[in-house]
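**Student:** In case you want the letters, here they are:
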Amino acid sequence: MNALNVTDLSIDFPTARGVVHALTDLSFSVARGRRLGIIGESGSGKTTTALAVMRMLASPGFVSGGSIRLADLNVLALPEEEMRRARLRRVSYIPQGAMNSLNPVMRVKDQLKDAIVTHEGRTEREVLRTRIEDAFAGVGLPEHVGSLYPHELSGGMKQRVCIALGVILNPELIIADEPTSALDVVTQRQVMQTLKDVQQGIGAALILIGHDMGLMAQSVDELVVLKDGILVEHGDMRRVIVNPRHPYTRELVASVPLVGGESFLGNSSVVPDVARPREGLPLLEFENVHKDYGGITALHPMSFSLCGDEPRIISIVGQSGSGKSTMGSIMLGFNPPSKGRVLFEGQDVAGMSPLQLWDFRKNVQAVFQDPYACFNPFYRVDHALSFPFRRFGYATSDAQVQDSMHEACRAVGLDPALILRRYPHELSGGQRQRLIVARALMLNPKLLIADEPVSMVDASLRATILKNIYDLKDRHGISIFYITHDLATAYHVSDFVMVLYKGQVVEAGPPKEVIGDPQHPYTQLLIASIPWPDPDRDWGGTTTAAEDIAALDASDRDALTVFRGDVPGFRLDVGA
Amino acid sequence: MGRIPRSYLLNRVVTLLLTVWIAATLIWIIPRLSPVDPADIMLGRMAAGAGAVENADQILERLKANFGLNDPLVVQYVKYIRNVVIFDFGLSTATFPTQVSTLIARALPWTVGLMLLSVVITFFIGNALGALMAWDRSPKLVRVAIPAAMVFTSIPPILSGLLLMWILAAKLRWFPLTGAYGLTVEPGWTWGFVQSVIHHGFLPALSIVIVTFGFWALGMRGLMITVQGEDYVTLAKAKGLRPRYILYRYMIRNAILPQITAFALKIGLLVAGQVLVERIFAYNGMGKLLYDAILDQDFPVIQGVSFVIILMTAVSVFLVDLVYPFVDPRVRHDGGEA
Amino acid sequence: MTGHRAGEIKGWRLRRFESPWVNPKLFWGAGLLLAIVALGIIGRAFWNLDLAFTGAAPLKLPPVGFENLRGQEGAWIHPIGTDGSGRDMLALIVIGAPNSLFVGLLASLIGMSLGIFLGFSAGFIGGRTDDVIRVVSDVMITIPPLLILVVVQSAWGDVSLTMMALLIAGFVWQSPTRLIRAQVLSMKQSGYVQMARLSGASTMHIMFREMLPNLVPYLFGSFIANVTTSIVTAVGLEVLGLGPQRIPTLGRTIYEAINAGALIQNLWWWWGIPTLLLGLMFIGLLLVNLGLDEVSNPRLRKL
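Chains as they are written, first to last, in this note's numbering: chain A, 1 to 576; chain B, 1 to 338; chain C, 1 to 303.
Don't read these hints as lab results, they were simulated from the structure. Beta carbons are placed, not taken as given, at the ideal position from N, Cα and C, and that holds for glycine. Check the hints yourself; a few may be wrong.
As the list claims (entries may be wrong) - Partial chain A-side listing against chain B, Cβ under 8 angstroms, derived:
(1) 1
(2) 57
(3) 60
(4) 93
(5) 95
(6) 102
(7) 105
(8) 113
(9) 114
(10) 119
(11) 122
(12) 147
(13) 151
(14) 200
(15) 202
Unchecked claim - In silico SDA-like links for lysine to any residue, alpha-carbon gap of 25 angstroms or less:
(16) 171/B x 69/C
(17) 113/A x 228/B
(18) 188/C x 296/A
(19) 502/A x 151/A
(20) 362/A x 296/A
(21) 188/C x 430/A
(22) 113/A x 127/A
(23) 237/B x 72/A
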């Protein structure tokens, strides 16, 4: 008997502008002990499906047709009180964004306790206590975590608490809605493996909702692909990934860049490099730059110089907290270094005259992570393009400003007539980020700092935007610092890679060496943690994940940077 | 319960002391900046009012000493601060030679009593109603009827006091018009006295309650709507918890936190409102004392009452701040403002 | 924080879409306030305002259609009656009601300007300046303005209307300062301000062209709240017998009515009409504030 049968499920959201069909005739089922993945982009109806199974659809959404059967229960016909009792006991839900899923004013063990007591009535204190301890142990959390408050836990620990909660009553079905979307890859691997272990332990069915084909390949047996509320493909995971039938699935699979293999950039160097002959002084230099925040070192002393004669893309790779974004803001002069100097064409960024600063701003531009925040909601989006263009003295007439904006939009694949006179909220994240790239193109700086430019953009658009950024170097001769957590894209776009770990460069060199054949344990761990969309490439079990981390801890922290080679035009020195 | 972080505690103590010091200093500086000399006003009034005061010279001396008009300013200031610390505000000129502190000590319990009754109760009623207004399982009546009544909550207590006084006391004669207890009862712990106090206190308290509960209710409603969208409430529902339990332990418990902070900020205005209500009901508290002092141009009493009320406010805020870490674990561990 | 910002952005979003400025609460609230202003303007044009000062009429005359305890009937020369010293009530409110609104608006305007200046200074300069502004506004916000002002005015004696507004303004800058400081600090981190810096924008440009437009809904809300606080404080002072002594104000009229025992003598028009006008003024302000809230936070529009 299947744990869940969904038949012809349709969900509608009536809105002021007509009914939105969030889900149309969706059917699938999942048996106990099996894992089913539901993959799709934002707005594809995957979370709506999960909430419908829990019967927790937010109003005004409602089920307009079909049936949901949870083993013997007809979910849609159940009285509210019985449905409440079925939640967690029969079907549990691990929500997205573990950061905020726990009640901030309750100790975490009490948040397990209230669930048990609600469903099973008063239980003896000792029994309760051991049960909760066992649950924590089951997800690899130490005992003392129970008496902490949520804000004292890391994101990974919070998500484990949610998993412990999800399985504590041995449900038949667990629904995990993007359980790792807020976590970095190393933690993601551990949490996913914990989830798989406990699910197998109780023999429940698991529905994993996500947008990452790689994560699916490493986690599920069967895959449902949703697009705009319609099932486009359903089948065995291996079959769907290796031999996708629907073009959308193919696109999803192809959008995940692999280390090695073909470059998603297509044929580069169609146009020869635009060399910018320069006189003597390097474009950007770090002289023993060091940054600490109140005694905590964010960045260990480092020096580099980017010559800028020929455009280069230098990738700075690391997890959150590695100091990579700090490096970016130091380069932009937003964040003065604690020690050392940042030189732009030989001039200290910290001590610039207004005219020099104007020249620095004109020549050093950036693309930030969050395309939603980059536009002032008060203005139409063209303000972000025309304002700096005039400010930096490129504008000769209004018509010329318009022409330049149109040209830049077309260069990044946007239709200027549709886009430029809109307000930011009327555009998608991908459109906004491409506009920011268009802005950089219009201003034609010498250097661009791209800080996680695609991490908040839907997967299918990532390659396009990276291609746009790559073109800035390739066609327009702009040097780029590409700051990212994503090793695969860094592998393809960069000329040189620095891996940052706790504010220190642990490995540096050309991408083929550093990412293709990592030497430092941290780089190795990062590579091993990437969920490859390749069913044959095993992620390893819980123990391997733990072993890899132990190996990193065992390795000498003060080990020198592993240098893997140089590229002309860029020189790196680490240490004082 | 965890300990309150020292930095947080220190921060609050410093704020308390600063508040009291700034208030005391303002009260000291203002008369000295005045184009009119308060001592002149008082002396003039006394001379006019009581033609032949036997100890006029003595009063003049007292006044001069009070205002320390002969000392250099710094000395005056230091003396003043020293006196304030021991609650010595000098002598009342209207009821000479009573100590100002004695008058205040007599009035203070009434004010504090009324405040506990009205301001504190209002906070609880208002928040409970606000929570019910936003809860999706409340009876429709609560959600629809209250916002209409809410309109009246924009009115300051002094106006509602006048209306209630007119309807319930002057017209219907259900309650006494003025005073804190009947003229015929002897103050003391007797049933008759307590009854009289409750009877007299009801209207002043009611006039504060009916116009301030809405402020809390509206605020709470907004917060509840925000909390309803939080992930932890979604998870609580997914846990199959009972709706009422979710309401108390997940929603109200979190939504109340900003309200407590708001309470600390609002105390000052609430106390000021109460002072005015006491004045129109001629309630024997600080408000009436202040009003009488203004009528009599009794400057030492005005200064003393203002200072003590500000001190009371500052201490209440301090107490709320002390309680806060016990309801919000995030403050307890992070230490102070983040 | 991000959630909050999202809500805020959504506020603007919806505003553009369906123009929530067409909001019944905002409409009625603004209507009430404008009616009070109109009362002042039309009254000044058509009514003899000297009647508010002379006291030449019979004492305690009731409004037209009513009878007082002495059996006198209201007369059309004093359509809403006279007070205890024979002053015409209509003339009193024609002068008094706009005056109360004027004090509130002026005090709030000055307080807001101070708040904007201090809030931006704290948020932008940071460091020591920020510390001082933050601590002082934290401290001052707990001090009830009424009590300091009682001391001020009993020391000063008579004050003019403008002077009273200025004095009140000295106590209503704290909450806008705190609000703007917090907003500026969070906006400083926002992507669009960073983008503006990258675009070589001056600090002035960032403050007034990038940040201020987004603060408008908050500023409006804070402004209205401050008008209410200022009027309440002014009326409070007047009811305590302070404030302007020579100009009729609503609070002073109530003060005289209470002192003369108008409540026991059933002279309801004497205290009741000014009370009613003040009540309408506060309801108007509340409605405007609720309306503005709904404009900037669409989620509240559920009811």
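**Student:** Restraint: residue 102/A near chain B, CB-CB cut 8 angstroms. Satisfied or not?
**Tutor:** Since the shortest Cβ distance to chain B is 6 angstroms, the answer is holds.
**Student:** Do the numbers back the hint for residue 93/A, that is, is its least Cβ distance to chain B under 8 angstroms?
**Tutor:** Nearest chain B Cβ about 4 angstroms off; hint holds.
**Student:** Does residue 296/A lie within 25 angstroms of residue 188/C when you go C-alpha to C-alpha?
**Tutor:** 23 angstroms, holds
**Student:** Can the hint on residue 202/A be confirmed by a CB-to-CB distance to chain B that is less than 8 angstroms?
**Tutor:** Residue 202/A check fails; min Cβ-Cβ to chain B is 17 angstroms, beyond 8 angstroms.
**Student:** Does residue 127/A lie within 25 angstroms of residue 113/A when you go C-alpha to C-alpha?
**Tutor:** Judged against 25 angstroms, a Cα distance of about 11 angstroms means the pair holds.
**Student:** Taking 8 angstroms as the limit, does the beta-carbon of residue 60/A come near enough to a beta-carbon in chain B?
**Tutor:** Not OK, violated: residue 60/A not within 8 angstroms of chain B, min 13 angstroms.
**Student:** Under 8 angstroms is the threshold here; is the Cβ of residue 151/A close enough to any Cβ of chain B for the hint to stand?
**Tutor:** 5 angstroms, holds
**Student:** Going by Cβ atoms only, is residue 113/A closer than 8 angstroms to chain B?
**Tutor:** 11 angstroms, violated
**Student:** Take a quick look at whether residue 502/A and residue 151/A sit within 25 angstroms of each other, Cα to Cα.
**Tutor:** Since the Cα atoms of residue 502/A and residue 151/A sit roughly 22 angstroms apart, the hinted pair holds (cutoff 25 angstroms).
**Student:** For the pair we were handed, residue 237/B and residue 72/A, check the Cα-Cα distance against 25 angstroms.
**Tutor:** At roughly 22 angstroms apart (the allowed maximum being 25 angstroms), residue 72/A and residue 237/B satisfy the hint.
**Student:** Are residue 105/A and chain B close enough, Cβ to Cβ, to be under 8 angstroms, as the hint says?
**Tutor:** Result: holds, 6 angstroms to nearest chain B Cβ.
**Student:** Given the hinted pair residue 113/A and residue 228/B, is their Cα-Cα distance within 25 angstroms?
**Tutor:** 22 angstroms, holds
This entry does not satisfy hints 1, 2, 3, 8, 11, 12, 14, 15, 20, going by the numbered hints stated previously.
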